[in-house]
Structures are given as C-alpha cells and as structure tokens.
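Got chain A sorted already, so can you dock chain B onto it with the hints?
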Amino acid sequence: MTKLRKVYLITAIVFLGVLAISPLKDYFSEWRAVQKNYNRYIKKLPQKVKPVPLVLKQIWVPKLNRIDRCITCHTGIDDGKLANAPLPFRSHSQIPHDFATFGCTICHKGQGLATNFHDAHLPSAFWEQPVLPARYIESSCGHCHINENLKLTPSLNRGRQEISELNCIGCHDLNGGYKKSFIPSLNGIGNKVVNRKWLTHWLKNPREIQPQTKMPNFKLSGKEVEILSDFLMSFRSYSNGENLDSLPEIYVKNKDKDDFITLGKTRFSEARCISCHAVEGKGGHLAPDLAKIASKATAAWIFNNIKNVHLLQPGVEMPQYGFSTKEIAAITAYMESEFVDRDTPTDTIAVHEPQANFFEQGIVLFNQYNCGGCHDLSSEKVSLNRGPDLTSIGSKKIYQIDFGTTDIPHTLYDYIDGKIRSPRTFGETTRMPEYQLNKADNQAITTVLLSWQKEPVPMEFVRTVPTPPKYDPQGKVGQIIKKYSCLKCHTINKTGGTIAPDLSVVGSQLQQKWVENYFKVPYSLRPVMEERMPNLFIAEDEIKTLTDYFFKFLISDNLSIEEGWDNSPEAIVRGQGLFREKYGCQSCHIVGGNGGYVGPPLDKTGNRLQPGWIYRWLLNPQKYKPETLEPRAGLSEAEAKDLTAYLMSLKSEK
Amino acid sequence: MRLIVLLFVLSLISCHENPHSGKAIQKEKDSLSAAITDSLIRNDPWLRYTYTERQGKELFEQYCVVCHGQGGEGDGFNAYNLNPKPHSLSDSTYMKVISSGTLTETISFGGKGVNKSVLMPAYQKTLDKTQISNVVVYIETFTRTKSNY
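Residue numbers (the working numbering), protein chains in the order written: chain A, 56 to 709; chain B, 34 to 182.
In isolation and in its complexed conformation, chain A is listed as follows:
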C-alpha cells in the first residue's frame, strides 16, 4: 500500500513540475525582461514617462492581414520624449502614417507574430524574410505608392530614374510604365567608325573610353570581341537604306586652313556645345564626351550628324542647329583637327581580313547578349532574348535563388544588391553585364526592385499618379519645337525636361521683345546652373512663329494685378527699402553690381518680366515652382506692389 502511495506522490510531483514549465517559461520570457528593463530605464529619465504593464501587446490590421507584436518590446514607439532612447525603446520618427492603421511589418518586414528577438528579426527555417535594413526601407513605400515619387523617398526616386536611364526595360519586364530611352542605332556603324580597333576596344570595356557612358561591360572574351566587331562593321547603310551625304567641296578645299578651323571653333563655342557635351571631362554630362570623337567617327558622319541629326539618329535629344553648310563644314574641320586621340598609332589602320563565318557567329552573339534589346539593327535575323521578368522580384523565395560562388548572406536584398554589383559571380550561365554603379545608385536600384511584390496590397491602399496627357504641338510650331529639342530641357504643359524653366505660361511671364532678342543672343540668367541655353542659330521666321505662339497660347489669365499698381517714384523708393532693408533680397540677387549668385541678377528686370508675374511670384513663389529656393517671404499685397514697382524700374538705359 505504501509503495503505491509513494508512486502516487512522485507522479504527482513530476506532474506538477511539468505543469509549471509553461508559466515559468512565460515568466522568464525575453519580452517580459525587456519590459521590466524599460520600466527601470524610464525611472532614470528627467521627464516623466508612464511605465508599461507587463503584458503582450499587438496591433491587428485585418485589411492588410497583419498581427504585429513588435510594440511589446518597442515600448516607446509613440512617445516623443524617447527620441534619443536606446533601441528598442526609442520612439518612431515622425512619418505620415499611423501605426494602428498600418502595423509594423507591412513596412519593416520580419515576423510580426514572433515574441523573441531572433524569430522576429532574423530568418529561420520557417520564415525567410528578415527585418529590412534601414537603407532599403523606402522600398516598402513603393508597395503602395507605385509610380508616385514622394519627397520623403529620395532613394526610391533615384532608383527609378536610374532604371529608366540604364534602360533595364531593354532586357527585363518591369513595373511602373518604363519606356525605352534613346540609344544609338547600330545601322551604318560600319560607315561611322573610323577604325575597327576603336570598336574592339569599346566592346572590351566601354567605360575605359567613355567613363560617363550608360553602356555596361559585357565581359566579352577576346574572340567574341573580334567576331562582334567584324559583324558590326559589316553594317554600312542606314535604316532607310541611305548612305551618308559625301563631304561638300568647301570642306575638302578648306579643311586645313587656319581661318576655316577658327570659324568652326567660334561656332562651336557660340552654340555652347559643351553645355551638354564634355570635352576631356569639362562641360555637361547629358551627351558623350567629344574629346576623342574624331578618332572614333568619320568626318563624313560628323558632318551629316550636325547637318541633320534627327535623320541620322531618330529619337536623339540633340537639337538641330540652324548652321549653314559652310559653318557645319568648318565645325567638322575644327573637330577633326582638335578632338583626336593622340595615342592612336596611325599605322594600325591596316586592311583587316574579317574572320570566316563572322556574320553567322556574330548574329548568334548579338542575340545571345540581347544587344537588340537596346540597339536597333536592321537585320531579319535579330531576335530578342530577354532576361528574367522582374515584376515580382521583391517576392522571390530564397530557395529559388542561385547564390553561385558568392559568400554574401542568403537574403533577398543582399542577392539583388550583389547581382547588380557583380552579376557574373552568380553562376556561369548568367549573361547580365556589369554596370559599375556607385554604392548609392546600387542601393537605390535594389530599393526599387524590392518594392515590386507578387501579392499587391489591397486596392484602397494603392496610390498611383495618373500620367498627364502628353503635350504634342502640331503644325509648324510642333516641327520647330521638335527640331530644336526644346522639350529636352524645358517643360510645357507637364511634358518635357526639368533642366530649364517651365514654359507653360511663358507668354504671361516675359516680354515678347526680350524673348526675341534672347533667341538671337542667349545669355546665362542663372549663373549657378551648369547647363546653359545654347545659341541654336534659329532662323528669323522661326523665332517669329515661336514667339507669336508663346504670347497667344502659352499664357495664363491669373497672372495679373487686377486692381492695378502704382509706379510712382514714392512706390519705387518704398520697394527699394523693402528689397534692401526688410527682406535682404540682395543676399541672393545682384542689383547694381552687388549681391548674391543664387537667383538671377535683377538688373534690367523691367525689360524682361511682366509686372503681373513679378507680383504673383513674390506673393507665393512655391505655388509656381515648388522646388525653388526662394522662400515665401509673406509679403502683404501692398508690399508686393511696391517691390514690383521697384523691380520694373530696373531697366537698361536705352
């Protein structure tokens, strides 16, 4: 009997012990220790912070299917007093979303239900998505703000721009409505390139010749380079079957004469070619460096390109200058004499025997590396051979990824980042070229790619910006605007570039006479800007057509002073006082020889601007140009009128 009791007693104790495991485990859990730690920490603070009860807390967001227990340990998340507290107690920085509606893991990733550090933050056998590092956090903004570039997401915006500029759409399917950007056609390249050696050199490593180029390094073998060069050099005619116009007699006769070359040099600098093109690294970066162009392209090609750039390179952004044939020939002569690669050994221009079967082998290589994804080439045998679809790359599973010989951590973001940085380390079959981007650009592109998920967020969360209807002027005005590529730099009605001022209401801002003169002799209004308005040598009648159009159609009825304004000497003196003493405008603008260089000089404003525009602008500059540096001074209407009177009084003597 006693034996049975003993057994009973022992069993009971063991049983109680087993039952106690669970509450004990709960009592000694990690999160409880963190909360106790927190309550101890806040006692030491000078400000009063409420202690937290020792319970598990969670945010439930049914619409997004999230249950996030992060706030159990991240206790001070919505308490501004804890902005400098150590992690995990620190308050969340101010963001436009509130935690109750969105939860945590929709942006930060990680495992929301987990209640210990390891499971919540790091990947495990059952959970492969770790918490997103801060450098990629903007990718989560992109889940909902699909094509919206927000002020708070600089990295995401930068990545989107890079993806568009690098023409990723040439090989990959992408989200976000990317369009193919301009890339030179390869038709006629056999007539363009002076020396086959240049092409082999280029194909080996384009960045070595042109550090700014968007063309990546395909890491071709020596043999592949030779075959591709032979293949490409065999394309000698242009897409429409035409050949280059031969050089005019005036060029052949005068090309070595000093005064002819000087004329070319003068036109080259007057037209401000270096606003877009660099010469040995000095100048703009919108177009290729011209320093060694004469060793790359033939004189005939250069001549034809300046003469009719849109015919030779359809879709190119370069304007069609209004030079005469003589001037074009002179510029060609100048470039031929100056922009030469002095290191090219002259004796290499020997006759080259193409390899056997170069065409068959060349087209195979051309298609294998999907050169046709970016470059046009008129050949029936060109076929597209695109890379993987990237539209849901942000949801790619770790087991689907081949990490190759790399030793990077097995996470999706490290994979994408590594793949963009050095694609060829991920297995031997990969064809992706190397882009040699800097760290920030690499990170920005990774951020964008991470934002493209398989399962979309519910429609009510999605934010897209409608694309505005494209401004496409017709008729003679349309032809002129296209000919001079105005919309490369200027915007009209939400279409065009952001390099130069928006011209949508230019007819209500400027004076017609000033615009007409400006076309003839453009000068730099904004010294800070790198790009300058080029002298396009526009014909007189074209200027007339354009300015008539500007001042009839590109106008606004809301840029006037309805009740009139007073331009009496007293008002002008009052305005000058406001300008100098009250608002200190001279810190950014030059008047009468002194002042700053941030904004345009304001001498001769009375010849340039319309009073209604000055008045409206002064009242609220950000309304017309949100990114302007000019602060909204908060002028009263009377003050704005006095300042307008003063600025309109600044005229040239004549």
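If you're looking for bench data, these hints aren't it; they were derived computationally from the structure.
Small disclaimer: the values here were computed from a predicted structure and weren't measured.
It is possible that some hints are incorrect.
[Claimed, not checked] In the BS3-like style, the derived pairs of lysine-lysine whose C-alpha atoms are separated by at most 25 Å in a straight line are:
hint, chain 1, residue 1, chain 2, residue 2
1, B, 158, A, 678
2, A, 494, B, 90
3, A, 136, B, 145
4, B, 162, A, 680
5, A, 568, A, 706
6, A, 637, B, 145
7, B, 162, A, 637
For chain B alone, coordinates are given in the frame of chain A:
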C-alpha cells in the same frame, strides 16, 4: 507489443539522427544570423543619422548649403557675397550658447527676427513646423561628438 516498442525506439532515433550535422547546421545558422544582424544594426551607414535627421539633412541641402556650406561651416558658394558672412554652425563653442529655440526662431523669422543680419531670410511660410524642427535637429548633429548608435 514488440511492434510498438520498435516504433518508439525508431522515433527516438529519428529525433536524434546524426547529431553531428545538426550542430554544423546550427553553426552555419548562427554565422548567418550574425551577418544579418550586423548588416541590420551595426554596419549600416544610414544609421549615422536618424530618420528625422535625414529629413533635416535633405532640407538643409536644398535650402541652406548655398550659403552655410555642406558641413555648415559657413562656406557655401554664395557666402562670399554676404556681409556679414554666415557663422560656422559646426563651431561647438559658438553653438553651445545657441539653444534649439533660438535656431528655430532664426529659421522661422530670419536674421531680422533675432536682431541679426537681414541677409538670412525667414522660412516660416516656406517650411512647416516639423520641417523646421527637422532642420534644427540636423544642424545640431554638426557639433555632436558621438553618435547615438
């Protein structure tokens, strides 16, 4: 009965199968975790600044660097046109006596608002209160000796 015992033994074995490789996996997992934790918390250059400071940095670089310079040293390209020139914001003895409140006031109401040069404009109507406070927070990082992290 024998069958049950056999099954029990088998299941025990399967639970403890090959403890050697289990350890190796655990070790690999630990090193992976360490690498990820490292990239999450320590090695992230982004974490030099908090989110608020980054917002402030963005604004400072848009509006202020033309005069105050990239590092706040008063050496922006436009500074030499100004008289008086902007004072260095990274001078810790100077900044010690300037409270966050004074900085906020200077940005909001301009130099004139705090009896200083009229050449510093007022941003009260251009930036909202949060933006101004973000800029102040960023300016204060110029004289911060040690990062929080």
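Please name the hints from earlier in the document that this structure breaks, with their numbers sorted from lowest to highest.
Those not satisfied come down to hint 3.
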